[in-house]
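**Q** What follows is each chain in one-letter form.
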Amino acid sequence: MSGLRVLVGCKRVIDYAVKIRVRPDSLGVVTDGVKHSMNPFDENAIEEAVRMKQKKVVKEIVVASCGPSQSQETIRTALAMGADRGIHVEVPAGTDANLQPLAVAKIFSKLVEKEKPDLVILGKQAIDDDANQTTQLLAGMLDWPQGTMASVVSASDGSLTITREIDGGLEDISVSLPAVISADLRLNEPRYATLPNIMKAKKKKIEKMTPDKLGVDITPRLKILNVVDPPVRQAGDKVPDVTTLVEKLKEKGHL
Amino acid sequence: MFCLRSCSRSSLFKLLSNSRSISSSCVDPNVGLTTDEIEYRDAALNFAKTELAPNMQTWDLTEEFPVDTIKRSADLGFGGLFVSPDYGGLSLPRHDGSVIFEALSQGCVTTASYITIHNMVNAMIDTFGTEVQKERYCPDLSSMEKLASYCLTEPGSGSDAAALVTNAKKEGSKYIVNGSKAFISGAGATDLLVVMTRTGGKGPKGVSALIIDTDTPGISYGQKEKKIGWNNQPTCVVNFDDVEVPCENLLGAEGQGFNLAMHGLNGGRINIASCSLGAAQQCLEDVVQYTHDRKAFNQPLNANQHVQFKLAEMATEITTARLIVRQAARSLDAKEPNAVALCAMCKLYATERLFKVCDDALQLHGGYGYLKSYPVQQFWRDSRVHRILEGTSEVMHMLVARDLLKHL
Chain Z
65 MSGLRVLVGC KRVIDYAVKI RVRPDSLGVV TDGVKHSMNP FDENAIEEAV RMKQKKVVKE
125 IVVASCGPSQ SQETIRTALA MGADRGIHVE VPAGTDANLQ PLAVAKIFSK LVEKEKPDLV
185 ILGKQAIDDD ANQTTQLLAG MLDWPQGTMA SVVSASDGSL TITREIDGGL EDISVSLPAV
245 ISADLRLNEP RYATLPNIMK AKKKKIEKMT PDKLGVDITP RLKILNVVDP PVRQAGDKVP
305 DVTTLVEKLK EKGHL
Chain A
1397 MFCLRSCSRS SLFKLLSNSR SISSSCVDPN VGLTTDEIEY RDAALNFAKT ELAPNMQTWD
1457 LTEEFPVDTI KRSADLGFGG LFVSPDYGGL SLPRHDGSVI FEALSQGCVT TASYITIHNM
1517 VNAMIDTFGT EVQKERYCPD LSSMEKLASY CLTEPGSGSD AAALVTNAKK EGSKYIVNGS
1577 KAFISGAGAT DLLVVMTRTG GKGPKGVSAL IIDTDTPGIS YGQKEKKIGW NNQPTCVVNF
1637 DDVEVPCENL LGAEGQGFNL AMHGLNGGRI NIASCSLGAA QQCLEDVVQY THDRKAFNQP
1697 LNANQHVQFK LAEMATEITT ARLIVRQAAR SLDAKEPNAV ALCAMCKLYA TERLFKVCDD
1757 ALQLHGGYGY LKSYPVQQFW RDSRVHRILE GTSEVMHMLV ARDLLKHL
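Heads up: the sequence lines are chains Z and A, in that order.
Be aware that the first sequence starts at 65, since it is given in the numbering used here, and climbs by one per residue.
Be aware that the second sequence starts at 1397, since it is given in the numbering used here, and climbs by one per residue.
Please note that the accuracy of each hint is not assured.
Claimed, not checked - Derived lysine to any residue pairs resembling SDA-like cross-links, with alpha carbons at most 20 Å apart: (1) Z:K268 to A:K1467; (2) Z:K267 to A:T1430; (3) A:K1467 to A:W1455.
Just so you know, these hints were derived from the structure itself, not from any lab.
Please read these numbers as outputs of a predicted model, since none were measured by experiment.
Required output: the full structure, derived from the provided sequences and hints.
**A** Next up, the structure:
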């Protein structure tokens, strides 16, 4: 199997090393002036696409990101890792916090119509909303098979064998192409963006679009009511034996 | 060719959760950089945090020269930053080099410093070499197939570099080299040397640069020096005993060697100053977290105004030093008339002030600052030598004074 076109999605999120602070209005977290980078699961998605291209299974990698103008930096990182060209679906700054999986899935289904890829690879979930929905919604919209939480992907004639990480352990499935898959952390070890590739990436094209031009209504269907810090960790109790432990758990209504 | 990360994602999470970086503040190294430059910094910092930082302390204790890791950095382009793309390099300006070396030094000052030395030698050959020399040596240096060392200092001459006595006598189609070089970084583990030798009379005009393969017969090394820092870089005396070097290995013209050396050191001073920046930046990030976590007299250390003021001073030193280092780099890139003096100023200012920042950070750690299990002492030890090598602070004073007085 060769010559496939892959569409990979990536999202610009708050960097995972940053200490998150809740906004004073309790409707979200502070993003101004905070370091952002590519969603870690999306790095796995791009890495998988690049490896498939090195194995000559894939011929072209198109990377797409929905977000404010700074999302272009994320697309550039993907291009530096080995994607061929980018698509930036621009959403006004400030509204991107409300860009929800349903809207993103709709945007991607329009991109699929336009680009006609054989395979879509997304990250399993974004580390800001932890939704884990876009892949599934997109597969449903396209009526394509889905292979989510992929930790191993191998290609053979017209289909992919995927190992999925599920609650019960590992599950092997086979999906026929075209398909949508989502990358898990253990799928691969993403490569560094090397300086030569960063420089080469500057010459690669990024096409700009808007949800309007794609005919997608991105109005949020879910409303965030309140965002709060998790409760401060309380000190625990030491108990002398198991009987006391069971008593205490019953007392607190945990058993 | 691609370069895989060796560190697993879960251990990376553990590492980062122990040190949140202060990225959006008065001391942010990204401020003033273009998007491209930020990408270069991110690439270097990523490598530093994943490949260097987790090993920095072990390498210091075992004194291992991490050749594998250093060669892996070449896959990212760190072998020939300033060299022409015709020879595997990236032709980056010195300013971008400063940004990159600062980021690498946040992971390990010693490894980053070695990479600066390797780059200085590669750039010297690219700038002053013939086509034949460039084609023979630069691609291997850019890919780090071969590693390089730079030989100027001798047991009898450091600051007074022009007084060097290692001589190269021309005999037919060869130079016969005799003498010793001291304090050579990487010696014994590197493949290629650029050596300053005396081919003519006394003084700077009698010095010529030779490119010498380390497998040439007659080269021997002294015992590896025991140092207080830069431990994961071997430092030795290199002895030349009737070493035969073909005349075609002359780099530049006869008598031009001293110019080459001074030229190389301008960039070298920016690089070393940049390594001090990385050390101080990491020390500050660590101590900001430490003074938040550590409690004394029923409050975190950073509730004390003295501690707050100390941190503010340290941050101000770092940001100021960064400004002069980057300005010196820009001046060198633009070949401005003040470039040499500015490079001297930036090394003088940055290495001296930022060592004190590391020292303050150590003090703020209290007893823990004295333990080898905390990185701050290693940044302190490693950056101490920056005030000495590639031109002592005293020589930097000389250069600046000379520039001030030359018009009188």
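**Q** Hint by hint, note whether the structure agrees.
**A** Do the hints match the structure? See the list:
Proposed proximity of Z:K268 and A:K1467 is contradicted: the alpha carbons are some 28 Å apart, above 20 Å. Distance check on the hinted pair: Z:K267 and A:T1430 sit about 16 Å apart at the alpha-carbon level, within 20 Å; holds. Note on A:K1467 and A:W1455: the hinted pairing holds, with a Cα-Cα distance of about 16 Å set against a maximum of 20 Å.
When held up to the earlier numbered hints, the structure conflicts with hint 1 and nothing else.
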